[in-house]
Amino acid sequence: MRSENELIELLNRDLNLLSVKKLRKQNISIRLENEELVSGLNYLKSHSYIHLATISCVDWIEDNQFELIYHLFSYEDKISLSVKTKINRQKSRFVTIKNLWGVAKYYERDIHDFFGIKFTGNDNMDELILENWNEIPPMRKDFKTRQYVDKKYDWRQYHGQE
Amino acid sequence: MNNKYESNKWQEVINWVQKRSLFMLHYCTGCGAIELPPTMTSRYDMSRFGIGPAATPRQADILLITGYLSTKTLRRVIYTYEQMQDPKFVMGFGSCTINGGMYWDSYNTIKQLDKYIPVDLYIAGCMPRPEAILEGFLKLKEKIETGNADGYKKYNKEYETYKKNQEKVLGEVKRRQ
Amino acid sequence: MSKDKSSIFSPAVSFKNLFKKPETIKVPEENKKTAKRYRGFHINDLDKCIGCGTCSKICDNKAIKMVELENVKTELGQRNERPKIDYGRCCWCGLCVDICTTGSLQFTQDYTYINHDAESFSYIPDNKNINKIESAIGYERDQDSELLDLYRIEMQELDAESRVQSFMEIVKGFSKKQAEKEASRCVECDICTEACPASMNIPEYIRGIYDEDLEESLKQIYEDNPLPEVCGRICTHNCESICSISHRGEAVSIRWLKRYAVDNVDLAEYNKILGTEKIHQVDKKVAIIGAGPAGLSAAHYLKLMGYQITVFEAESKAGGMMRYGIPEYRLPYDKLDKDINYIKNLGVEFKFNIRIGKDISLSDIKKEYDAVFAATGLHNGRSTRIPGTENNNVYQAIYLLKQITKGEEIPLTKKIVVIGGGNVAMDIARSLARLQKKKYGQVNVLVTSLETEDIMPADQEEIEEAREEGVDFEPGRGPKEIIVSEDGSISQICTNCCVSVFDDDMNFNPTFDDQDIQNYECDMVVEAIGQAGDNSYIDDNYDIKYEGPRIKVNDKQQTSLPWLFAGGDIVRGPDVINGIKTGHNAAQGIDEFLKN
Amino acid sequence: MGKSKRTEMFFGPNHPGVPGNYGINYFYEGDTVVSAEPNPGHLHRGFEKLMEEREWIKNTPLVCRICVMEPDINEMVYAMSFEAIGEIKIPKRAAYIRSIILELARIQAHIFSIGGNCGAIGLYTAMQWGVLTRDYILDIFEEITGGRVYHIYIRPGGVRHDIEDVTLQKILDLLNDLENNRMPEFQKLIFENPIAQKRWKNTAVLNQEDALSLGVTGPALRATGLEHDVRKLMPYAAYDQVDFKVPTGEDGDAWTRLKLKKDEIFQSIKIIRQLVNNIPAGPVSLNLGNALKYKIPAGEAYVKIESSRGEYGYYVVSDGGLKPYRVHVRGTSTPLGLYGVETLLPGCRIEDVPVWAHSLGICPPEFDR
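Protein chains in written order, with this note's numbering: chain D, 1226 to 1387; chain P, -16 to 160; chain E, 41 to 636; chain V, 218 to 586.
In case anyone wonders, no lab produced these hints; they're calculated from the structure.
Some hints here could point you the wrong way.
Only pairs whose alpha carbons sit at most 25 Å apart, straight line, appear in this in silico DSS-like list of lysine-lysine [said to hold, decoys possible]:
#, chain 1, residue 1, chain 2, residue 2
1, E, Lys61, V, Lys405
2, E, Lys375, E, Lys357
3, D, Lys1377, E, Lys105
4, E, Lys221, V, Lys512
5, D, Lys1377, P, Lys137
6, V, Lys449, D, Lys1247
Throw the hints in and build the complete structure from the sequences for me.
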């Protein structure tokens, strides 16, 4: 049963973290290089962080990066740990972790649906939630919903109003 | 009885019988479907009006569009609607079927139901209460009796415009042979 | 596996229900009464609603559109728009009811509306909902679900005891955090803009403060008001009287926010921010007579258009009534000079200690300049001419205030009576109180006015602050006679009761009741009952049309002489912001006049 | 008997056995499923995109529409993530009221899912009772919040209204009626029904190792013996002020999960009684100023709470602006509804697929978002 600080010391010792932050009680976020992420997750998984809640993705369009966040939780430490890494937005490619957690296959497929990030090693990248989507992935910041909706659906004409 | 299409005494009797036993297709297309169990079961009990759930489109008379309709579901709703036998009726639940509702600016939901399939009645609500749904059914029964519930005839007549609208959103849609 | 009790007969419990009353609600005969707090269809009290549009802003489904109604007229404080609700979009969340500034929009408990025509689901609620039936009120907002920020940030002020000691500025001004919190209270409904004589972009500059972008605020302010430091302190702020938040709470402190925005941008940045480093010069010359608010405003806007501007000022410094009529505790001179210096830096030439009509005649000016803007203001006092006013211990507030501002020593006795109920009376009374405090250690000033306290023209805060500083009031008294003792000093002032101030069609003609006589000891009387102008420099050699005491001008401030424009108090009072507006109008008028 | 032909079956999206609009395409031989693949996306409305275009307060009516079984859970997680990033401490009474609402929502969801499970095996009387009992709870919700299913009641800063004492009393009466009249009937009709027991026992088995590797939480995980409940692991609202037990089982089959749901209902009744009896007085909401201009500093938060089927989390990123920069919804049944179908469904009998879906609480709008 590690406390937050003990966990931070452990991580600082064993992984070379880009940054570590205690967001709030039972909530820590660390940042790793792209190459070290999978080994970091493997390390964490062997240190009681066995629960992968989900994989989130945030589109930082200004600094041209996608940020992938792996939310882990340890039932012993009772700490929620977000492991974060940033990948180049143009390349939008990252490595799969489906061999660590099988369920990541679908999380990655979901992220591919909405952000267009390909995960090498996860070959099943066809559409999961969307169907026949031929625009840029919708959750990207440069996808303008309003223009798309104006083009595809027309507004009801209330006797000539918008 | 100024029924626009063709009307004879025999049609009146059919309408009278039709009104008595309606089968509602059990297809919850949107979030409004959570108000259907209370309507179907003992608390509000729509079977008092002779309306019961039907499992397959071929045995159903009423298609309920309960709330929003994502494009994926729209494709299946069109298959379902086209598999249902005439006379068939469509009821739009809630704001989402009228003018987009809460998802008016969503890229994946349709904004006006009547562009894609003919709608006989809309019920206001987000989502409509069981009492409002039952009164909607009663209004539908009146429309059937007076022969005004002729959405399905309109679909056959203006099939091309419906097809065009559908294809604008969905691309190619498999049609019944 | 733990042994789970089970028996083939246990499901038979369901037969029990054969003997129970069915729990079905037999709609439509027996409709279950909805809860008191149910969110059904909307109703809207169309008189109470002011068309501010906040409900359409917070509606996350764009279900509410503001629609113009013919039978509702636009007037101060309300628009003729009312919300039209589209039940093809509404999700009955009730955010609109929670934020409604006047509380006119409400829910009923009615929820059934079925129709085949989709377009019939859009409806303008009035006292009946979409079903046109009387229905009980449903969900109601309370202080927990309040979505507005109803109360102001407390403005720090000097307490009465310490402020009467000196002419230090009373109001401290907002800190950054306070200003942003106060700015966040504005719902940007734009109702206040219609009440501001200069129709300033109030929501825009408040939004600038909120977004921590004071440069944007400065730009928005200077579009209509070149004297923000002044107006941030002494404006009569009618915008705050009709702010939509004031219906259920306290108005946004618009004036103090303007002051915060301008206080926190230093003068050197102005040109860069407002883009006035380089102005395209035009070789047309305009003369401006009087460096008061109207003159300065015209000078500023004309200079932006590139004209060569010369301002002739009788006094030794610019500012007019702002400098010589308003004491320093309300408007410090360094702030006034900041506004003036910006205008000066634009390239406006000032000529001081020149009185038109005495040192130079108006016709000489006309020869040298292509257009003239007269904004000389009302700098002469008015007397009640009651018996005894010719005594030399009777003064007029205007001249005393000018001497105080120039720092000159003024006659100051122990007991003074001030006649008058307006802001000028308040200024002189509180200035005398300060001087008395410094000289005699205690205050003894009595203010008598025709008007009773509730209709006194002075600001309510001014009256309260004066009372806190030891000034006494005797409202509703008419001055009858100043009793002078043999040695020429004043002993008492005799007053009667003033029954009414205005007659039926609101003209000023007071009626008195001579039975109720009251005398008050005093050894000095100051009259602050109004100001008069001295337009002799025009009237001596040109005859222009007048409208009562004021010069008649068209909407571009042009007098009957095409080349002569007029503004400020000599055309339209009573306050600085109107002066600024007339100056701005005149600038456009002169621009058009010079162009063709 | 030779190997029978492998045929494809389209299960859903329109199928009474499926909770919500969701399809499973599987191949089967004989009557056992051989391979399966989820077909989600029918209820996708792009919530996360919509939320990025609305101010903070405007999302409160939107979030409760994500999962129609548990609107309050979504409102709570959204409000909690706003308060976590903005470091806003809500009044004590508001925390109590939030816990009461969440426990009522848990009871309502459990009863509905027990009804659904019975419907999946054809015990329709129990389904009727389940929906009926749930409706009485909705009446209470309507009284407190003004809405039947979508309450829009838990908001950043607290809750929208205070609960009057008369309503608190009604809640207690409802709980008594539930505990003394309804649940015994359920016990008899469902839990002591040999046919039903036989049907549920060791169907749709989920063992501990699979559950942990999939990230499954809630009753499905507790049915395998682990006592993990977010209300105990990371207490929120007023859960640290009440004592309650977290029921667990061992076999991890549909029957154990159903029993757990029943026990949890009784625990929730106990919790609500404690909450109602010592609810503190005081304000129920913090006025965060003008709603059109709610603003919290830049920051991020992954906040999770215990819904009726497990951990329900939001990952919210704020850039200090008036609108959330990114909201990622992690529904409870995301792992099972997608990957679980592919790995755990093969081996089930065809008629057990609806039981599998209902018993593991698959709620499609959660992963369609």
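Tested hints:
1. At most 25 Å may separate the alpha-carbon atoms for a hinted pair to count; Lys61(E) and Lys405(V) meet this at roughly 21 Å.
2. Distance restraint check for Lys375(E) and Lys357(E): the Cα-Cα separation of roughly 14 Å lies within the 25 Å cut-off, and the hinted pair is therefore satisfied.
3. A distance of roughly 23 Å separates the Cα atoms of Lys1377(D) and Lys105(E); the hinted pair therefore holds under the 25 Å criterion.
4. Only pairs whose Cα atoms come within 25 Å are accepted, and Lys221(E) paired with Lys512(V) is accepted, the gap being roughly 11 Å.
5. Using a Cα cut-off of 25 Å, the hinted pair Lys1377(D) and Lys137(P) holds, with the two alpha carbons roughly 24 Å apart.
6. For the proposed pair Lys449(V) and Lys1247(D), the alpha carbon gap of about 21 Å is at most 25 Å, so the pair holds.
Hint compliance for this structure: every hint is met.
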